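Asks: Given next are the chains, with one letter for each unit.
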Amino acid sequence: MALKQLSVFLENREGRLEDLFQVFEANNIEIHSFSLAESSEYGILRLIVSNPEIAKEELRAVDFSASLTDVVAVRLPGGFDSLKSVTDAVTSEYNIEYMYVLSTEKDKQAIVFKIKNVEEVEKSLEEKGFTLIH
Amino acid sequence: MEIWNEAKECMSRDQMTQLQSARLKKVVSNVYHNVKFYRQKMQEMGLEPGDIKGIEDLNKLPFTTKADLRDNYPFGLFAVPKTEIVRIHASSGTTGKPTVVGYTRKDLDTWSECVARCLTMAGLGKDDIIQVAYGYGLFTGGLGAHYGVENLGATVVPMSTGNTKKLINMMIDFEVTGLMCTPSYLMHIAEVIEEMGVKDQIKLKSTINGAEPWTEAMRVQIEERLNIKAFDIYGLSELMGPGVANDCEFHKGMHIFEDYFLPEIIDPNSKDTLADDVTGELVLTNLNKEGMPLLRYRTRDLTSISHDVCDCGRTTARLSRFKGRSDDMLIIRGVNVFPSQIETALLSLDETTPNYQIIVDRVGSLDNLTVKVEVDEKFFSDEIRELEKLEKKIAYAIQQMIGLATKVKLVEPRSIERSEGKAKRVIDNRKFD
Ligand SMILES: [Zn+2]
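Protein chains in written order, with our numbering: chain A, 8 to 141; chain B, 685 to 1117.
So here's chain A without its partners, still in its complex pose:
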């Protein structure tokens, strides 16, 4: 089972990030990691949170465009130096659409990435001995 990433459309206007964090605070949603992709007019905030389903519903209730995206989260056995081993393991078949850091904690370093065919990629990573995070 893939990890659910919360994706939120954000217009580049004042106060929207505050609004978003307020929703999280009010619903006790913890942020584990995030990354922001932006164009000149808007951004997409991608987050790994403690309860993505509830976060999505609560955001929609206050007129955010939010959706859930399947992503792969994987531990890096030898820290960030082992990034190449992950990309080697997946990119021969598919392209990684985007990637960001999930954890920098020593010996627990992990990344998140989006790729087509998540299930297949997860299976092949597991077969190669990688640890997935769900």
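Since the hints were derived computationally from the structure, they do not count as laboratory data. All of these numbers come straight from a predicted model, not from anything done at the bench. One thing to keep in mind: the hints can contain errors.
Said to hold, decoys possible - Not everything, but these chain A residues come out facing chain B in the computed CB check (under 10 Å):
| # | residue |
| --- | --- |
| 1 | 15 |
| 2 | 17 |
| 3 | 20 |
| 4 | 45 |
| 5 | 50 |
| 6 | 67 |
| 7 | 72 |
| 8 | 105 |
In this text, a Cβ means the ideal position worked out from N, Cα and C, and glycines have one as well.
Once you have looked at the hints, place chain B with the ligand on chain A.
Replies: For chain B with the ligand alone, kept in the frame of chain A given last:
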């Protein structure tokens, strides 16, 4: 398909012109003698009832505007003693006083006749059970539709507006076959039917929808969604209420009941009469009304008129799908643009009714058009590249429709300004002085 009143709906053009001319002469004489407002206007213009010999003299007559109705609040335009008036309707103006309309018993019969013609056009008859889901009250929608259904001899279920689930449950239990409501309410009903998962229990055949603008794309979309036939109805309380015109099964414009309403299309600026198939402002004259007949009422609705005989056999003139209000028309780089065209373009992209706003700016001497579109969950992507692709797709569809390059800007849901629940569709930042 049946025709409710073949004698009136399938007249030859000559016969219709004769009937209209005779009725016009009568109504002009009536308002001249019984309504101070019209007598004064005509006297100012040096016009006497005898100067109007037929419909060819229509453009000699004065116009009537919404402001005239307000100025004569409440009963100033009535042409009969108050004892003859059996019903009053009123529309709430967005500014100032409401406008009031009075009906005699004969006017109510005329109205029911018109609505029965509309229902027959939609393939409904005395065997049908029809829900009326317009508001009942001062607004003409509910009661106007109601008595039309009774006149048809069908069974009316007076739902009014409100509890949608109750409406759907009754629709199933009573095996309702016809429905009259606004297009946006029909969309909402469709959503709730889908949520309830009862689509296969619905026996609905036809719906008649009006009282607010909608597009041909929306009409076709709702037909497919509910597996029904949807028809467009036009009306305005000033002239009568719903039932001034309705489209037949060929959907080539709405047949206007010309024996009661004499239509003209004018250029809203020069006020010149326009030819067939040229878009302009619809102007209507009541031909057979007793309570409050209006001469050349400026509807502000933009449409064109066609006199070709329709495949359904009716000879009455047809009004093309409304292109908006003359107040809404934008002229951008010399091109006439209507908000409804943008809506049509957006709907052509297989998305549900999108919320949009048109912004016109002038940079130097050049007009720039920006269309804001609210990002819907249905087309939200978590990749910038996909959203940019969508912006380009929308911009292309709009350009195809209006012939002007457009910048599309995606915005958050419900971020477009709304006033009284309605989205503000046009922001024109240009200065014209
Ligand atoms: Zn027809």
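Asks: Compare the structure with each hint and give your call.
Replies: For each hint, the structure was consulted:
Because the smallest distance between the Cβ of residue 15/A and any Cβ of chain B comes to about 9 Å, under 10 Å, the interface hint for this residue holds. The restraint placing residue 17/A at the interface with chain B holds, with a minimum CB-CB distance near 7 Å, inside the 10 Å limit. The restraint placing residue 20/A at the interface with chain B holds, with a minimum CB-CB distance near 8 Å, inside the 10 Å limit. Hint status for residue 45/A: holds, given a least beta-carbon distance of 7 Å to chain B, under 10 Å.
Hint status for residue 50/A: holds, given a least beta-carbon distance of 8 Å to chain B, under 10 Å. Taking 10 Å as the C-beta contact cut-off toward chain B, the hint placing residue 67/A at the interface holds, the least distance being around 7 Å. With its C-beta approaching chain B no nearer than about 4 Å, residue 72/A sits inside the 10 Å limit, and its interface hint holds. Contact between residue 105/A and chain B, as hinted, is supported at the beta carbon level, the nearest pair being about 7 Å apart and thus within 10 Å.
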